[in-house]
Amino acid sequence: MSTLAPSRTEQSDDVPVDLRPLRRLKRNRLLLQLACVAVSLFMVVPFYLIAVAAFSSPAAMNEFPLRFLPTAFSVETMSTFLSSTGVGAGLINSLIVAVGTLALSLVVGAPAGYAIARYVFKGRDQYQLFLLFTRALPIVVLSVPLAELFLNVGMYDTPLAVVLLHTALTLPTTILVTASVFLAVPVDVEEAARIFGCGPLGAFGRVVLPLALPGISAASIFTFVLSWNEVLGATILTLNQRTLPATVLSSLSDSPLTFRFAGGFFLIVPALIFIAVMRKYLINMWGTTIR
Amino acid sequence: MADISIRNLVKTYPGNTEPATKNISLHVEDGEFMVLLGPSGCGKTTLLRMIAGLELPDAGAISIGGRDMTYLPPNRRNLSMVFQSYAVFPHRRVRQNIGFGLMTRKMPKDEIARKVAWAAELLQLTPYLDRYPAQLSGGQRQRVAVARAIVVDADVLLMDEPLSNLDALLRLNFRAELKKIVEHIGTTTVYVTHDQVEALSLGDRVAVMEAGKIAQLGHPMEVYDRPADTFVGGFIGSPPMNFLDGQVADGRIIFGEGASIPAPAAVPPGPIRIGIRAEAISIAAHRPDLVPAVVDVVEPLGAATLLTVKVADQSLKVQIPPSQRVSSGETVFLHFAPDSVRLYDPQTGLGLLASV
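Protein chains in written order, with numbering that gives the first Met the number 0: chain A, 0 to 290; chain B, 0 to 355.
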């Protein structure tokens with residue numbers, strides 16, 4: 000064998016290198032890049048067009064063909080929108096509702112998620128499934144009985160009513176997402192905190208919560224955006240205390256085109272800002288994933 | 000610093016029928032290094048976790064330094080612990096990791112800084128104090144875990160297989176270092192391991208556990224030399240103790256045709272099992288009183304040569320000096336050092352007499 004071995008390597012030198020797998024690899028990489036660009040454009044182009052329209056003068060909107068570049072920059076459309084009735088109040092209501100929903104769903108949902116992650120109790124699996132039932136019912140079906148209920152208890156047309164509805168809607172995902180987040184925090188790290196002098200709450204606050212923060216912020220993005228954009232329930236449960244989407248929706252049919260674009264743009268921006276702020280908690284904070 | 004007294008501890012995990020610990024009693028002296036040794040599932044970790052307060056027993060009592068601890072939460076037991084998985088806090092720098100136990104005990108800042116510096120120096124972590132654990136190697140992370148455990152002035156130091164996640168060379172170095180550190184601080188220590196070499200090298204005493212019970216408790220050399228039963232003998236030592244079945248008749252233990260050793264006077268006739276360590280068997284030139292054996296496998300290990308031989312169809316490991324040349328298939332003659340032969344009941348596996 001020792002004399003055979005070198006001759007075999009000499010032989011294999013003569014075999015030409017097959018470049019086809021490499022070419023296929025390069026082609027696939029290129030296709031993947033193109034797919035990424037296409038998906039990104041699909042998301043960005045409508046937003047871009049809305050932004051261009053929102054910052055063009057009303058006159059430019061009526062031109063044909065429409066411009067794709069913001070050449071006729073003007074804040075006239077936006078200022079008209081912002082100063083029209085209901086927008087300021089709607090914005091404040093929307094913020095109250097979104098932040099309230101966020102806080103309430105975390106206060107209720109995170110401990111529930113923690114319990115699902117850490118404790119074995121009877122009916123845990125059924126409970127997790129049952130949670131999703133709230134989302135099985137369409138909001139339209141839920142809203143009318145809810146409106147009646149809130150009318151009866153005197154909470155109709157208050158931001159609190161909308162907060163409660165939105166919390167009910169976001170709670171299942173908040174609980175399930177935070178449960179998986181807490182599951183990813185190693186138990187022995189928590190036990191180490193207990194050994195080294197923390198009570199149950201101390202261990203949670205000093206060790207578990209900081210480690211779970213990225214996941215919790217992901218859950219909160221979802222909650223915030225859902226509450227900010229939810230329009231049907233908010234419209235049915237309020238009359239004067241409308242959230243911004245509800246306000247825009249109710250005046251949509253009898254408002255000019257520019258108002259619609261300005262409204263659309265203004266509805267997107269806060270959600271984007273919130274996502275941008277939370278994003279830094281999403282990506283890992285200590286140079287690694289959770290472990 | 001304090002002694003640990005464990006009385007009749009019983010713990011059954013929910014959903015299991017077999018208890019994890021069966022009525023265990025153990026006393027660890029003040030300042031003693033106690034090793035709990037056993038295969039996985041023998042209840043050693045459960046016992047440690049009950050001392051820590053991370054599991055609560057179904058029955059029995061634990062007291063540390065004369066104070067009952069049985070159902071106290073972990074943070075009120077004044078313990079420290081090193082975890083198998085290190086369990087360092089990923090979101091805190093090395094400095095804050097080491098000082099964590101001091102911080103929760105509300106120690107003044109300058110005092111914490113002084114103690115952290117001392118522990119970091121002892122474990123060669125000083126250059127890494129401002130790093131996050133993710134920026135450290137596995138060995139360094141384990142050092143952080145050890146430093147965190149020794150800075151607190153705990154009554155008892157618990158270690159749950161602290162070396163098992165390290166690679167072989169690192170484990171060897173760190174084992175000696177750990178022994179030195181623990182001797183230096185002098186805290187009562189309970190150390191869990193499944194590695195018998197670690198147990199022998201570190202412990203003042205070793206408790207060998209099997210199926211939720213303590214099979215033998217004693218000084219490492221005593222456990223090694225005089226295993227209480229065949230389980231302990233088979234678990235401790237590399238290679239494990241050899242066991243040979245034979246019959247006692249006419250003052251000799253007979254393993255087969257022409258293979259027998261003298262039996263001690265007190266042994267009654269009948270079946271018997273002997274236990275002998277590989278290094279207590281030597282091979283010699285043919286003499287009628289020696290046991291003939293056929294060499295099956297020869298494994299040179301550097302410092303010694305390990306033989307697998309067959310005596311009357313029973314396999315034996317024999318350790319000989321590397322200078323002795325033997326080849327497989329050869330017939331050799333074994334000399335069993337009389338002081339090292341242990342006798343066991345073949346049915347129960349329990350030791351019969353201390354020695355021949």
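Quick caveat, the hints were computed from the structure, so don't treat them as lab data.
Don't take each hint at face value.
Unchecked claim - Just some of the chain A residues that point at chain B, by a computed CB distance under 8 Å: (1) PRO20; (2) PRO185; (3) GLY204; (4) VAL206.
To be verified - Derived Cβ-Cβ restraints for the label pairs, each shown as a range: (5) B:TYR12 to A:GLY198: 46 to 56 Å; (6) B:ASP57 to A:GLN125: 44 to 54 Å; (7) A:VAL152 to B:ALA58: 44 to 54 Å.
Don't be surprised by glycine CBs; every beta carbon is placed ideally from N, CA and C.
Task: Minimum beta-carbon distance criterion (8 Å), PRO185 of chain A to chain B - done: Because about 7 Å separates PRO185 of chain A from the closest Cβ in chain B, which is inside the 8 Å limit, the hint holds.
- [ ] Starting from the range 46 to 56 Å, see whether the pair TYR12 of chain B and GLY198 of chain A falls in it by beta-carbon distance.
- [x] 24 Å, violated
- [ ] With a cut-off of 8 Å on the beta carbons, see whether PRO20 of chain A makes it to chain B.
- [x] With Cβ-Cβ at 36 Å, over 8 Å, it is violated.
- [ ] Please test the hint of 44 to 54 Å on the beta carbon pair from ASP57 of chain B and GLN125 of chain A.
- [x] Given about 28 Å between the Cβ atoms, the range is violated.
- [ ] Classify the hint on VAL206 of chain A as holds or violated, based on whether any CB of chain B lies nearer than 8 Å to its CB.
- [x] Interface hint status for VAL206 of chain A: holds (6 Å vs cutoff 8 Å).
Task: Distance restraint hint 44 to 54 Å, applied to the beta-carbon atoms of VAL152 of chain A and ALA58 of chain B - done: Because 52 Å falls inside the window, the suggested range holds.
Open item on the list: Quick check on GLY204 of chain A please, does its C-beta sit within 8 Å of some C-beta on chain B?
Closed with: GLY204 of chain A check fails; min Cβ-Cβ to chain B is 12 Å, beyond 8 Å.
Checked against the numbered hints above, the structure violates hints 1, 3, 5, 6; every other hint is satisfied.
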